[in-house]
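Q: This is what each chain is made of:
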Amino acid sequence: MKGRSLSLVLFVLTAVLLLGPVVFALSSHNWNIEEAVVPRDEEMRSIERSMMDIQDPGNFDIIEEDMDHGTGSFDIYMEFDSSVDFDVFLNEFRGEVHTNGENMCDLSLAEKPVFFEGGEKTSFKITGNLDRGTVEPNQPDILPHGAYDDNYNMEFVNVSVEIEMLGMTLYFEGIQGGGFV
Amino acid sequence: MKSRNSVDFIKNINLPGVLTGILMLMVPFLGSWWSVSFGQIVDISLSPFHYEVFVMGEMVSIPLMNYVLMGMKALVLFGSTALILGSLFNSKEWSDRLSRFGFGKIFWPFVFFVISLLILTFTINSLPEKVLSVDEPFKETVDADIPYFVGTGMVEMEMEDATASVPIRKSTTRAFWISFFAISLGLFSQKFYKQTVGPRKDKKGSI
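Each protein sequence line maps, in turn, to chains Y and P.
No gaps in the numbering here: position 55 of the first sequence is 65 in our numbering, and each next residue is one more.
No gaps in the numbering here: position 178 of the second sequence is 238 in our numbering, and each next residue is one more.
Derived by calculation from the structure, the hints in this document are not laboratory data.
Quick caveat: nothing in here was measured; it's all calculated off a predicted structure.
Just to be clear, a hint being listed does not mean it is correct.
[Claimed, not checked] As a list, the in silico SDA-like pairs of lysine to any residue whose alpha-carbon atoms are at most 25 angstroms apart: (1) Y:Lys-135 <-> Y:Arg-104; (2) P:Lys-199 <-> Y:Asp-66; (3) Y:Lys-122 <-> Y:Glu-74; (4) P:Lys-133 <-> Y:Val-47; (5) P:Lys-199 <-> Y:His-108; (6) P:Lys-230 <-> P:Leu-90; (7) P:Lys-230 <-> Y:Ile-57; (8) P:Lys-133 <-> P:Asp-103; (9) P:Lys-133 <-> Y:Arg-50; (10) P:Lys-199 <-> Y:Lys-12; (11) P:Lys-230 <-> Y:Ile-64; (12) P:Lys-199 <-> Y:Phe-166; (13) Y:Lys-12 <-> P:Leu-145; (14) P:Lys-133 <-> Y:Leu-20; (15) P:Lys-199 <-> Y:Gly-184; (16) Y:Lys-122 <-> Y:Glu-106; (17) P:Lys-230 <-> P:Val-202; (18) P:Lys-133 <-> Y:Phe-21; (19) P:Lys-251 <-> P:Val-67; (20) P:Lys-133 <-> P:Val-96; (21) P:Lys-133 <-> Y:Asp-76; (22) P:Lys-152 <-> Y:Leu-20; (23) Y:Lys-12 <-> P:Asp-68; (24) P:Lys-152 <-> P:Ser-63; (25) Y:Lys-12 <-> P:Phe-69; (26) Y:Lys-122 <-> P:Asp-221; (27) Y:Lys-131 <-> P:Met-116; (28) P:Lys-133 <-> P:Asp-68; (29) P:Lys-230 <-> P:Ser-121; (30) P:Lys-251 <-> Y:Phe-21; (31) Y:Lys-122 <-> Y:Ile-57.
[Claimed, not checked] Derived contacts from chain Y toward chain P, CB cut-off under 10 angstroms, selection only: (32) Val-48; (33) Pro-49; (34) Arg-50; (35) Glu-53; (36) Ser-56; (37) Ile-57; (38) Ile-136.
Even glycine gets a Cβ: it sits at the ideal position worked out from N, Cα and C.
Full structure from sequences and hints, please.
A: Quick look at the structure:
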């Protein structure tokens, strides 16, 4: 009899400690299951904000361009202004610039990977070489100013970008687009 | 006579049981047992008494879980007290019942925890690629290679011209191994010690 009473007491205590918190949680959230299970609005909003940061981690600007008219090789100095608090690595950037449907030059990173520190401005360089058969190398200001000129009908073709951030790697391939920036 | 009783009392103590009980008192406060991270995007740490979820560095809490885990902590503390009492008064008729009850409060959550994680991973890994992938609004395929309990793996998502690779890392913590040790010691005290080393009870329940 004693044993049975002890078992009963232990069973009831277990049930109370397991079910009690559930009942208490629901009662303190107006018996609204959704309110008791779903994280608070502020938490969800800050996650949404962070997700937006992944999609738009900052802005790119062209700072300066340097072209060797003799050889046709050029450098484009760019700056990335990070608007997020995490670091981003640009592991790869390759592409072709086409004018009037013809490949004018290939672009690539001068040094890789490029490390963009979170919340900071980082400069980096893209290099390329004009295809002499397509464009006269001594033509002044073909890049990047010439890129804005609609007459050239310029577009980026076969652009590949590899970005590493927050431990994940994003790879984009075959991106195309008109305009230089 | 009194000193003989004291000697008998000490001789009858189930020492491994007492040690298990002491370890059980600590376990709920040692933090999570196991953690999984998806890159630095999602970080989840779990145990039957504790959880932490970080999404993009932002902590996420589920109100109901906070209450339930508080109850679990209270239950294991109560269980460890029962196990210590049952192990100290090993010769008493009620000691077995109390010890079994107390030990169960760490044993079953441990077993349930490990098995549910294994089942969850098995289910995700067994899902055909078709289930994880979508065709609308654009074609997206997901290929998951998730380690069962500890280890590293990768989830790869392909969308049109883009690929996202997210590494997965699962690991156990020191708290998990302390709990595992407590459970092993508890099993020893419940099964082996009582039958071979500890006091034997006759049919009337006395030593």
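Q: Taking the hints in turn, state whether each one holds.
A: Now for the hints, and whether the structure bears them out:
no.	hint	verdict
1	Y:Lys-135 <-> Y:Arg-104	holds, 12 angstroms
2	P:Lys-199 <-> Y:Asp-66	holds, 22 angstroms
3	Y:Lys-122 <-> Y:Glu-74	holds, 19 angstroms
4	P:Lys-133 <-> Y:Val-47	holds, 20 angstroms
5	P:Lys-199 <-> Y:His-108	violated, 28 angstroms
6	P:Lys-230 <-> P:Leu-90	holds, 18 angstroms
7	P:Lys-230 <-> Y:Ile-57	holds, 23 angstroms
8	P:Lys-133 <-> P:Asp-103	holds, 23 angstroms
9	P:Lys-133 <-> Y:Arg-50	holds, 24 angstroms
10	P:Lys-199 <-> Y:Lys-12	violated, 67 angstroms
11	P:Lys-230 <-> Y:Ile-64	holds, 24 angstroms
12	P:Lys-199 <-> Y:Phe-166	holds, 24 angstroms
13	Y:Lys-12 <-> P:Leu-145	holds, 17 angstroms
14	P:Lys-133 <-> Y:Leu-20	holds, 16 angstroms
15	P:Lys-199 <-> Y:Gly-184	holds, 16 angstroms
16	Y:Lys-122 <-> Y:Glu-106	holds, 18 angstroms
17	P:Lys-230 <-> P:Val-202	holds, 19 angstroms
18	P:Lys-133 <-> Y:Phe-21	holds, 17 angstroms
19	P:Lys-251 <-> P:Val-67	holds, 24 angstroms
20	P:Lys-133 <-> P:Val-96	holds, 22 angstroms
21	P:Lys-133 <-> Y:Asp-76	violated, 67 angstroms
22	P:Lys-152 <-> Y:Leu-20	holds, 17 angstroms
23	Y:Lys-12 <-> P:Asp-68	holds, 24 angstroms
24	P:Lys-152 <-> P:Ser-63	holds, 19 angstroms
25	Y:Lys-12 <-> P:Phe-69	holds, 22 angstroms
26	Y:Lys-122 <-> P:Asp-221	holds, 22 angstroms
27	Y:Lys-131 <-> P:Met-116	holds, 22 angstroms
28	P:Lys-133 <-> P:Asp-68	violated, 34 angstroms
29	P:Lys-230 <-> P:Ser-121	holds, 21 angstroms
30	P:Lys-251 <-> Y:Phe-21	holds, 22 angstroms
31	Y:Lys-122 <-> Y:Ile-57	violated, 31 angstroms
32	Val-48	holds, 8 angstroms
33	Pro-49	holds, 5 angstroms
34	Arg-50	holds, 7 angstroms
35	Glu-53	holds, 5 angstroms
36	Ser-56	holds, 5 angstroms
37	Ile-57	holds, 5 angstroms
38	Ile-136	violated, 20 angstroms
The structure shown violates the earlier hints numbered 5, 10, 21, 28, 31 and 38.
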